[in-house]
Amino acid sequence: MTEAVMVPMEHGLALAAILFSIGLIGVMVRRNIILILMSIEVMLNACGLAFIVAGARWGAADGQIMFMIILTIAAAEVSVGLGLLLQVHRRLRTIDIDSASRLQG
Amino acid sequence: MSGLQLQALLPIITLSSLILIQMMFIAFARNLRLTVSISVIALLLTALSFFPMVDHLPISATPLIQLDGFALFYSGLVLLGALMVTFLSYDYLRDQGERQDEFFMLLLLSCLGALILVSSNHFASFILGLELLGVSLYTMMSYPTRGLFTLEAALKYLILSGVSSAFILFGAALIYAIEGKLGFTELAGMNHTSAASGQFILLMGSTMIFAGIMFKLSLAPFHLWTPDVYDGAPAPVTAFLATVSKGAIFALALRLFTTTGLIDLDPLLRGLSFVAMVSILAGNLLALLQDNVKRILAYSSIAHMGYLAVAFVVAGKAGGQIMAMEAASYFLFAYFLTTLLAFSVVTIMSIADHEVDTTNLGDYEGLFWRRPALAAVFTATLLSLAGIPLTAGFIGKFYIFSIGVAAEAWLLMAFVVIGSGIGIFYYLRIIFAMTKAPRTDVKIEIPTASGWVAVVLTVSLVLFGVYPSPIIDLIGELMISFG
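Protein chains in written order, with numbering that gives the first Met the number 0: chain H, 0 to 104; chain A, 0 to 482.
In case anyone wonders, no lab produced these hints; they're calculated from the structure.
Keep in mind the model is a prediction, meaning the values are calculated, not measured.
Just so you know, not all the hints are guaranteed correct.
Stated by the list, open to error - Facing chain A, according to a computed beta carbon distance under 8 Å, are these residues of chain H, among others: (1) Ala-53; (2) Ile-72; (3) Gln-86.
The C-beta atom is built at its ideal place from N, Cα and C for all residues, glycine as well.
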């Protein structure tokens, strides 16, 4: 009975890979800094999902612990990002990343 | 946990508790001199706390941390770099208004991350160290309120570094899905899994980790962020990014790829050779087009990372591993001295300017007449970067060259030679600019701390260029206890 409801690991990994790609495309295409930060969050959460799927395969807690570490990291990363965003907004009155680009390519 | 294992964690414990003490002092008795003194004491005490365990190497304290000679050497480099950057930032930030204290706490936190990275033996500690290093670094970059450039550099670095961390994490998840293990030692020999689908996922995973690490090391074709971030970030922070951050990540990569046996994976090794060649060529050629000292140094660091990658490739060939690690370690040591010295000159030049750093080649014109000592120091650095004899940079490059020849990697060696040849041209360009007639007579003040940093680094640069055997012997002794 339990066999029937098990999701194969490859499907979980494929879902994570799709989420990861969506996040990556978001980072590359979007010009709004908030949306870029959100895309990074999507990528990091895709990694978390992959770890959980892998952890479920091995029946070990490692995957879930890694997920918690990823949650913490993502929170730290994005909070610094939002702090920088506030600074950019205060000085430039915009959150478009191209307008913040003063250094030559 | 035994006493020995606790001892192995002592440096991390020491540094973390001193960071807490420093935070308390900043909260209740804000005083820049005091904060900086605590930073210096913290770094020195951490360095001291390594000594009791020297006779017991290697020690693995918990599955996460592995302390061996290799980790010890790189920890020393990290602490040296952090100490120098502390002095430089003190002079740089001192006159820029109040509330500069937290910067030094972030510097120590970043250093803690680097210490964890160089001794990490598990994906969990790898990620924790990497992010501790990275997140503190973005904050340090945007800390000084100098115009918009710092902000832009920090934002760019944050986004790209976040993406590369995600790559590394996803790769680790894929490897975990196939192998069920996260420790580097336990993963040894994992590339011999038989199932074809597992083999594919493993290759995907290792490629993603590889790409993430290349991003952080700014190897071509993932180098696009480097010049902008180097240019925008405050000079002392750039020095930290170029030395401590890259050095720690390189050490981690070397440990990860050699202990897990990923380096034997043929597609990966071929990719790495390609990356090394492209980095050497792109770094050196693009540096020719620049008129900004920090950007030239950025491209030169891309090229230098390319030379380091050569050592990495040789490490993957049979029998060359220990030799390659010794060469990489000496090269990195020379790179640390040289880069720190280069950025200490840029820092000294920039202190008087409160808007942006003084980095245009024009600003350096006539430096030989305005401040002969500073110009001489900068000349020594540039010669070391170019790999001219009597400097540490020459010995480093010679070492890389000798292992390449021993491993018969002729194509790579051709690139190293061509790259070094092009390199001399743009380093000499800066030196010629310094000999021109000066544009202004404004006196350049050399602050005490930065001045001493420059003196110490110049002396060691020349000393270890003329008489490198103490360091070479030390590296040889320490690398024996690897693993």
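Now for the hints, and whether the structure bears them out:
1. Ala-53: Constraint on H/Ala-53 satisfied, holds at 4 Å.
2. Ile-72: Interface hint status for H/Ile-72: holds (5 Å vs cutoff 8 Å).
3. Gln-86: 5 Å, holds
The structure shown violates none of the earlier numbered hints.
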